[in-house]
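Participant: Single-letter residue listing:
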Amino acid sequence: MALTTIFFLILSVVAIGTAIGTVASRHPVVSAMNLVLHFLMLAGLYLTLNAEFIAVLQILVYAGAIMVLVVFVILLLNLGKEDSLETGFTARKGVAMTFGAAFVIQILILFTSAGSFTHEITDKSVNVGQVKNLGYILFTKYLFPFEYIALLLLVAVVGALLLGKKKLFLERDLPEKSLK
Amino acid sequence: MSSEFILLLPLIIVGVMSVISILVDAINPNSKNSGYYLSIVSIVAVGGFALNNFYLNISGINLDGANLITSNMLSFGGFSAFFDLLFSIGALLIVLNARNYLDTVKTELNEFYNLVLYALAGMMVMAHSNHLLTLFIGIELMSITFYIMAGYFRFASQSVEASLKYFLLGAFSTGFLVYGMAMLYGSTGSMFFPEITVAIVSGSANNAYLMFGAALMIMGLSFKSSAFPFHQWAPDVYSGAPTVVTSFMSTAGKAAALSAFIIIAKTIIPMGFDPTGLESAVNTDKLITAIAAISALTMLVGNITALVQKNVKRMLAYSSVAHAGYMLMGIVANTAAGWSALMFYAVVYTFMQIGAFIIVGLLERDTDKNLEYDDYAGLSKRQPALAAIMALFMFSLAGIPPMAGFFGKYYLFMSVINTGHLWLALIAVVSSIISVVFYIGLIVKMYFTDSEDVEGESLPWNASRMLVFVTSAVVLIIGLNPGGMLSFIKSAL
Amino acid sequence: MSDLTFTLIEFGIKAAIIINIVLVMASVEVYLERKISAWIQNRVGPNRVGPMGLLQPIADVVKLFMKEDLVPKAAFQGFHRLAPLLTLAVAIGVYAVIPYAHYVNIGERTVYWGIAPNINIGVLFILAMTSIGVYGITLAGWASNSKYSLLGGLRSAAQMISYELSMGLSLLGVILIAGTLSLNEIILFQRDGWYGLRWMVFLQPVGFLIFLVSSFAETNRTPFDLPEAEPELVGGYNTEYSGMKFGMFFLAEYANMATASAFLSLLYFGGWSLPFPEFWDSIGLIEGTWSRALLQFGSFFVKLMIFIVFFIWVRWTVPRFRYDQLMNLGWKVLLPLSIINLFVTASVIIFFGL
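Protein chains in written order, with the working numbering: chain A, 157 to 336; chain B, 14 to 506; chain C, -11 to 342.
Among the hints, erroneous ones may be present.
Unchecked claim - Output of the computed footprint for chain A on chain C, the stretches with three or more beta carbons under 8 Å from beta carbons of chain A:
no., stretch
1, 125 to 134
2, 145 to 152
As the list claims (entries may be wrong) - Below are the DSS-like pairs computed for lysine-lysine, each with C-alpha atoms no more than 27 Å apart in a straight line:
no., chain 1, residue 1, chain 2, residue 2
3, C, Lys51, C, Lys61
4, B, Lys45, B, Lys119
5, A, Lys321, B, Lys45
6, B, Lys394, B, Lys382
7, A, Lys321, C, Lys320
8, B, Lys45, B, Lys279
9, B, Lys178, B, Lys382
10, C, Lys55, C, Lys135
11, C, Lys55, C, Lys23
12, B, Lys323, B, Lys382
13, C, Lys135, C, Lys61
14, B, Lys178, A, Lys321
15, B, Lys178, B, Lys323
16, B, Lys178, A, Lys249
17, A, Lys321, B, Lys119
18, C, Lys291, C, Lys2
19, B, Lys503, A, Lys297
20, C, Lys23, C, Lys291
Calculated directly from the structure, the hints in this document are not laboratory data.
No residue lacks a Cβ here, since even glycine has one placed at the ideal position from N, Cα and C.
Here chain A stands alone, though its shape is the one from the complex (with noise of 0.2 Å):
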């Protein structure tokens, strides 16, 4: 077996625990720290994939920066443990978790029996991840996108202040009714 090959499987192994913990988890703090540790984990996959920078940009912007975020704010609100809100089974959550498991089943059967995919991984996807093509990739063939996604994150902040800023509708935002 290839160094690849092993490292791949520890990794993924772990991502999918990591990731099942997040889930599974009631304690927000847990859930969170799993999810740092999967983020660490895709890092090291794409770091199998030779995309060095992609791996340390994914640790920087999300395990570096969004998470610490997730954490502040869970810190901020001192949640304690979830408290469970149902317990017991409802009808509900068995038609949720019989759906859930056939799309889980037709993804394996899918995987399984349908072989790979067509589109094989080239001698030239070494270099993409690599800072200096990546950069070239952007401004050239991916422009146009690149500058739109930079709209799409400017109407995020727009609507985290319009949403959570403190007095935005003056007349509104008082505590009685100042409608006539």
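Please build the complex by placing chains B and C on the supplied structure of chain A, with the hints as guidance.
Facilitator: Same frame as chain A, but now just chains B and C:
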């Protein structure tokens, strides 16, 4: 200036102007009008250049080879120019109406108009997309803007609920969409739509992954166009969001989702493609049946649930689901006739739905009051003009013959009958008849029920009230001359 | 000896040496801190243990080891234990990419000084590791289940995120000029011009100042040591820690300080590069010889120590910021400044070339 630059101008203008308008707001925070006027100017400019592109396309300028700036990730056909035009008309109506509506509830902010521009940009990218990536960016740009706009009345719990519900379910459905895209890419080895079609037609695509990916993408797009069984969010979001936002989401937003649906359907279900000769028989025609089933169920569920509604806004929300079902018939037909019928219906629907919502907004009080059927009792005596126009919109939505809505439905029905889906047309007719009950029910309430409140209050003459007349006039004109509209649309394809 | 065995042995030795250097450096810093603070405050400082108090750090460590390890009953046990480990591990992990000198030739093989100094994302690696380091402190604050600790953890998370932005943006100027993310290549760029003195600090003075201020905030040192502000928060995030767990935080703080100093000297002061490289070549100390490498290491070490002393000097001179001042400085001064700096740098490169 290269010719591609001219074709790209609507997208550039809307992107740049949305940034500029937020900058103007930041530099001059006390200005009450900057957002309003800037957005009107930019939307009009976008519409103008879109119209220009539309006629450029008719005059036969083919720029597929000269696609350098966007490296073929966008297509600039008449199809997308038409949708650009439709979206900008929808956005213009929303902006003009929003001023009065937001002013009555004292919530006017420049950001609102800014958000309309972002949503417009997203929709236009969707209609232009020629690559999975641009499609995704367009969908997300539009959806995220809508999540925010749905929660614009953040002091009102139903608005916040609408926003949160829409966001959570929308994020979930985006997961399906992206998974489908990954499968499609894995199967065909390309993210460009024409290349995907080539891979399917030449038989080099992996069949199982292709079908799985296509099914997932149809699920995701069904969510965005609020089709059964992914329509559950629509009534709550449409009735919880501010009325002006609802009118935007349920018309232009829906048209954008359906334009993306057309693009995807065109790609993965190549027209007139016979797979029998190929070794790995890729038979995406099966998907047509699935879409037909979605369409039929959407119509039935939307109309039947709309029957029992007591709230006019909610009724319009459910009926909006049903109208998505009608429009999906154009995709089931999978012919140029079907698509042009869909586009025709999208135009008509945009005008009549926005018109109806403007009236609802005019009568609405304090963000969620005065919306019940009972509140409309005796409206013909209090506001005869508004009641008459509302009746006109209701007739048109129900598809009563001389109205534009009728011709929209007629073209859609004919397109599916011509492609051999008679059963679907029958279901559509049945559900249309069901829909008559609640549309006419509102007219009956307005005209034949008396209310104690005879005087009513006088509504001011403002832009919203003008728009009511404009939209109703458009609905009437299209109804009088449906052939002209249809040939205009057909020249796009 | 096969390549793989050689590599394994090489990296094993390097790792052992580097970890020890980091830990010894930390104790040297502790000693320096106490001595310098004493001089600044006109005191004598430690002078009982060993000659001139030189063995004081060892006594400190022994004391920490002997102490009882108290864990609050209400603490979240797992994370309470994990937090100091994480902090220290990240602080030491950064040293994997720092080059200490260029290289020496052993037989036919070239051995670089440093574990992976030539990795082509070195700069980003350091940023990524320090950003992971926040978790140690925030988790420590949260897991202790104490109000003071929680406030300390919160402050550190907010502070590190705020300053990471301007830090990263000011770094981009350096990266733009050098055209690489590899630490060794950035040093080579600084060596290959102006008689080995093409230091980034001359090319990027504003960026250097922003980076300097940000690294104070990133290492939680005064004047930005709000996460452990004693008058307000007792001990901040490490209030509920004792014994060697506290010691780990202590070590990590000093290791981080050394990292920041090393980073500053690498990026802005030429790192291990010696001024006037031709002169050294002419007297026979060519690249690849042990003597040249040792000289380079000396050059790096001197710069490192100067920065460490600077860090300590600032701590005992400048008073602590108020929290809103800290945030204002980060978001309203440093961030716009670093963006302008980046913009100007990029414009100059585009229009005038290098």
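Participant: Indicate, hint by hint, whether the structure satisfies it.
Facilitator: Hint-by-hint comparison with the structure:
1. 125 to 134: holds (count 4)
2. 145 to 152: holds (count 5)
3. C:Lys51 - C:Lys61: The hint holds at about 24 Å.
4. B:Lys45 - B:Lys119: holds (12 Å)
5. A:Lys321 - B:Lys45: holds (18 Å)
6. B:Lys394 - B:Lys382: Roughly 20 Å separates the two Cα atoms, so the pair holds.
7. A:Lys321 - C:Lys320: Judged against 27 Å, a Cα distance of about 18 Å means the pair holds.
8. B:Lys45 - B:Lys279: violated (45 Å)
9. B:Lys178 - B:Lys382: Answer holds: B:Lys178 to B:Lys382 is near 22 Å, not above 27 Å.
10. C:Lys55 - C:Lys135: Roughly 24 Å separates the two Cα atoms, so the pair holds.
11. C:Lys55 - C:Lys23: Holds. C:Lys55 to C:Lys23 sits at ~24 Å (cutoff 27 Å).
12. B:Lys323 - B:Lys382: holds (13 Å)
13. C:Lys135 - C:Lys61: holds (15 Å)
14. B:Lys178 - A:Lys321: holds (21 Å)
15. B:Lys178 - B:Lys323: holds (22 Å)
16. B:Lys178 - A:Lys249: holds (18 Å)
17. A:Lys321 - B:Lys119: holds (17 Å)
18. C:Lys291 - C:Lys2: holds (21 Å)
19. B:Lys503 - A:Lys297: violated (32 Å)
20. C:Lys23 - C:Lys291: Roughly 20 Å between the alpha carbons, so the hint for C:Lys23 and C:Lys291 holds.
In this structure, the earlier hints numbered 8, 19 are contradicted, and the remaining ones agree with it.
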